[in-house]
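Novice: Below, each chain spelled out in residue letters.
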Amino acid sequence: MPEDAAYQTHDPLLAAESWLSEGKGVALATVIETWGSAPRPAGSHLAITEDGEFEGSVSGGCVEGAVVAEAVDVIGRAEPKTLEFGVADETAWRVGLSCGGRIRVLIEPLG
Amino acid sequence: MKASILNQINEARQRRKGAVTVSTEAEGVRELFLEDAMPEGLLGDATGKALRTGKAMSQEIDGELLFFNPYVPPVRFVVIGAVHISQALAPMARLAGYEMEIIDPRAAFATPERFPDVALHADWPQDVLMNSPLDAYTALAAITHDPKIDDPALSAALEANCFYIGALGSRKTHGRRVERLREAGFDDAAIARIDAPIGMDIGAANPAEIAVAILAQMIAVFRRRGIETQH
Numbered sequence: 001m002p003e004d005a006a007y008q009t010h011d012p013l014l015a016a017e018s019w020l021s022e023g024k025g026v027a028l029a030t031v032i033e034t035w036g037s038a039p040r041p042a043g044s045h046l047a048i049t050e051d052g053e054f055e056g057s058v059s060g061g062c063v064e065g066a067v068v069a070e071a072v073d074v075i076g077r078a079e080p081k082t083l084e085f086g087v088a089d090e091t092a093w094r095v096g097l098s099c100g101g102r103i104r105v106l107i108e109p110l111g
Numbered sequence: 001m002k003a004s005i006l007n008q009i010n011e012a013r014q015r016r017k018g019a020v021t022v023s024t025e026a027e028g029v030r031e032l033f034l035e036d037a038m039p040e041g042l043l044g045d046a047t048g049k050a051l052r053t054g055k056a057m058s059q060e061i062d063g064e065l066l067f068f069n070p071y072v073p074p075v076r077f078v079v080i081g082a083v084h085i086s087q088a089l090a091p092m093a094r095l096a097g098y099e100m101e102i103i104d105p106r107a108a109f110a111t112p113e114r115f116p117d118v119a120l121h122a123d124w125p126q127d128v129l130m131n132s133p134l135d136a137y138t139a140l141a142a143i144t145h146d147p148k149i150d151d152p153a154l155s156a157a158l159e160a161n162c163f164y165i166g167a168l169g170s171r172k173t174h175g176r177r178v179e180r181l182r183e184a185g186f187d188d189a190a191i192a193r194i195d196a197p198i199g200m201d202i203g204a205a206n207p208a209e210i211a212v213a214i215l216a217q218m219i220a221v222f223r224r225r226g227i228e229t230q231h
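Keeping their order, the protein sequence lines are chains P and L.
In terms of the working numbering, the first sequence opens at residue 1 and continues consecutively.
In terms of the working numbering, the second sequence opens at residue 1 and continues consecutively.
Keep in mind that the hints were calculated from the coordinates and are not lab data.
One should not assume that every hint holds.
Unchecked claim - Straight-line distance between alpha carbons at most 20 Å, and here's what the computed SDA-like set of lysine to any residue pairs gives:
1) 2(L) - 23(P)
2) 24(P) - 3(L)
3) 17(L) - 4(L)
4) 2(L) - 111(P)
5) 81(P) - 66(L)
6) 2(L) - 11(P)
To be verified - From the derived model, a few chain P residues whose C-beta atoms are all more than 12 Å from chain L:
7) 10
8) 50
9) 76
10) 86
11) 102
Idealized CB from N, CA, C, for every residue including glycine.
Between the sequences and the hints, there should be enough to build the whole structure, so can you do that?
Specialist: See below:
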């Protein structure tokens, strides 16, 4: 664990600022819409570096892996991207939103 | 999102100031508005609503779908007085999601036995508040009935512009309090910010019901803040 306070407090926006100051490529994922019993409310953040480090949560662990993978791509292309996860589509079955809800996640590059 | 916007969000959160970002799916975060510089018109209505409710939301404005994400500092709820009402109020406030702390210099009242699981300061308000100053996201309820304890806390709350300031006591008691605060240099507009007698008028008849009335009034003021000044 790094000594940096941002990592210790598990605050995605502080982690993002700290990563940017270290010169890392960083993306921010934000829940922009929820349907049903989504585990994290709209506005929740997950910050991701180009190396796949992350802090925060958009789903309580269900879809973070998929979001991190897409975020690395977003950092590379420097363009925002929106993803939707839900029990109805196959991706969601694979990554598993166990609660039965659906969420829409906006991933944007920072800096 | 620009790094400068991210820095401003973090700075606002650190200073306990409210802020709202506006995003589109195509651009990500487009703009940041701080609570003391909110926009006008429809955009202002939407940012104001997000800030008051503390909930992120989407709204179409001028044919464009915008996402509003508020960053609202957690409310601090300071109660002056380790009294009966506070014993009922502490668990109610916790259930409603508000962090409550109690200040009372009377060590016989402010005991952990009477107040389990509550931040308790058995010290004078002016001493406690010097170390952790009040701010605009703090609510203060002064309910000791003792001017020596309540008055310095009420003065500090007025100076810090706490969003809610309530004081226990009859109209007559409050009349004398108003005189003392005038002598201390507060004008009538400032003094009028104090809700007294404290609590929403529900005909509360015992300490627990007064606690409900105080909590309801504090929540009402918090959720409706800024509405009257916006239009």
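Novice: Need the status of pair residue 2(L), residue 11(P): alpha-carbon distance at most 20 Å?
Specialist: 18 Å, holds
Novice: Beyond 12 Å from every chain L Cβ: check whether that's true for residue 10(P).
Specialist: Answer for residue 10(P): holds, closest chain L Cβ roughly 14 Å.
Novice: Does the structure keep residue 24(P) and residue 3(L) at a Cα separation of 20 Å or less?
Specialist: 12 Å, holds
Novice: Once the closest CB in chain L is found, is it more than 12 Å from residue 86(P)?
Specialist: Per Cβ check, residue 86(P) is outside 12 Å of chain L; nearest 17 Å; holds.
Novice: With d taken as the least Cβ-Cβ distance between residue 76(P) and chain L, does d exceed 12 Å?
Specialist: 15 Å, holds
Novice: Does residue 23(P) lie within 20 Å of residue 2(L) when you go C-alpha to C-alpha?
Specialist: With a Cα-Cα distance of about 14 Å, the restraint between residue 2(L) and residue 23(P) holds, given a limit of 20 Å.
Novice: Holds or violated: residue 17(L) with residue 4(L), Cα cutoff 20 Å?
Specialist: 17 Å, holds
Novice: Was residue 50(P) rightly flagged as not at the interface, with every chain L Cβ beyond 12 Å?
Specialist: 15 Å, holds
Novice: Given the hinted pair residue 2(L) and residue 111(P), is their alpha-carbon gap at most 20 Å?
Specialist: With Cα atoms ~5 Å apart, residue 2(L) and residue 111(P) stay inside 20 Å; holds.
Novice: Against the 20 Å threshold, does the CA-CA distance of residue 81(P) and residue 66(L) hold or violate the hint?
Specialist: 15 Å, holds
Novice: Please settle this one: residue 102(P) was flagged as non-interface, so is its CB more than 12 Å from every CB on chain L?
Specialist: Holds: least Cβ distance 15 Å, greater than 12 Å.
Against the hints set out earlier in the document, no violation occurs for any number.
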